[in-house]
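With chain A held as given, fit chain B onto it using these hints.
Residues per chain, in single letters:
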Amino acid sequence: QKEVEQNSGPLSVPEGAIASLNCTYSDRGSQSFFWYRQYSGKSPELIMSIYSNGDKEDGRFTAQLNKASQYVSLLIRDSQPSDSATYLCAVEGYNFNKFYFGSGTKLNVKP
Amino acid sequence: EAGVTQFPSHSVIEKGQTVTLRCDPISGHDNLYWYRRVMGKEIKFLLHFVKESKQDESGMPNNRFLAERTGGTYSTLKVQPAELEDSGVYFCASSQGGYRPTDTQYFGPGTRLTVL
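Chains A and B, in that order, are what the protein sequence lines are.
The opening residue of the first sequence carries number 1 in our numbering; numbering runs sequentially from there.
The opening residue of the second sequence carries number 1001 in our numbering; numbering runs sequentially from there.
Here chain B stands alone, though its shape is the one from the complex:
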């Protein structure tokens, strides 16, 4: 079974440009999460999709970030315009959904974004 995949693995852009990150979750997983790790800090939650709906976007830093999940499959995270402080590693995770006490999240390899 394929794991969570992310594209690109690295992206270097200049301040003010636009970047779009893509995540393909594990097939059949309803839940998709985006996290970010800024250098020297912990991994922080950005948002959560259940299928195509945004369940929680409380971690999105500001309105320069836009996440979508087309048809409940893959997701994109767009940063427009990018700022220096957006640099970091963006992780995507997915989980199957519907299982308690918890629902294990499986992580992708991340996209390393560098804004110059």
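So here's chain A without its partners, still in its complex pose:
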């Protein structure tokens, strides 16, 4: 079983729509969760971090965490073509020194 699971996509949404990206993880002891965005050939760029159950909003992005169900999600409101990228879910390991990544979900926002 992988530590972090993501649907590889591609997920296609029209411009202006809400994009919903999901991630599940296996280690119940995990405390910290991250969403990175990666454009092709570029470095992963941190978008959001979340540590507590519930929602965390930052501009057009909302991260949601449910530790009981072991899932994390990222909502992108008013999606733009520039949001087209691969979104990586990362979970911090129980020993606080490594991240476990999902394989990433490729998002396509169509004009």
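Just so you know, the hints here were simulated from the structure itself, not pulled from any lab data.
Accuracy of the hints is not assured; some may be wrong.
[To be verified] Calculated pairs, SDA-like style, for lysine to any residue (alpha carbon to alpha carbon, straight line, at most 25 Å):
#1 B:Lys1041 / A:Ser30
#2 B:Lys1051 / A:Ser43
#3 B:Lys1044 / A:Gly16
#4 A:Lys42 / B:Arg1112
#5 A:Lys42 / B:Pro1109
#6 A:Lys2 / A:Leu75
[To be verified] Stretch-level coverage of chain A by chain B, calculated; a stretch enters the list once three of its residues show a Cβ under 8 Å from a Cβ in chain B:
#7 17-29
#8 76-83
All residues carry an ideal CB built from backbone N, CA and C; glycine is no exception.
For chain B alone, kept in the frame of chain A given last:
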């Protein structure tokens, strides 16, 4: 503030050769991590330095891989001898250290290694 830098951006070598990858973390960051992404797979942890000390090298595939961090600044990852399965993108990340609940890791652009 400069981000994490990696050199080279691409490297193509033949099986059996040696390659050395370099990472310069963000200035002042005590923690330095190496990760690898093999084609079609997820990014996987290789090892973690705190300053010049190896904190965790549980992800290193085998003894053909050697990582060092001179004086707690830049780090090198040497693969000797390289095998075909070592091909992939090697990412370096750094974090400041000492912050809980977590310590954000900032990633470099990666080095794409191709072993022929």
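Now for the hints, and whether the structure bears them out:
no., hint, result
1, B:Lys1041 / A:Ser30, "holds, 22 Å"
2, B:Lys1051 / A:Ser43, "holds, 23 Å"
3, B:Lys1044 / A:Gly16, "violated, 34 Å"
4, A:Lys42 / B:Arg1112, "holds, 11 Å"
5, A:Lys42 / B:Pro1109, "holds, 5 Å"
6, A:Lys2 / A:Leu75, "holds, 23 Å"
7, 17-29, "violated (count 0)"
8, 76-83, "violated (count 0)"
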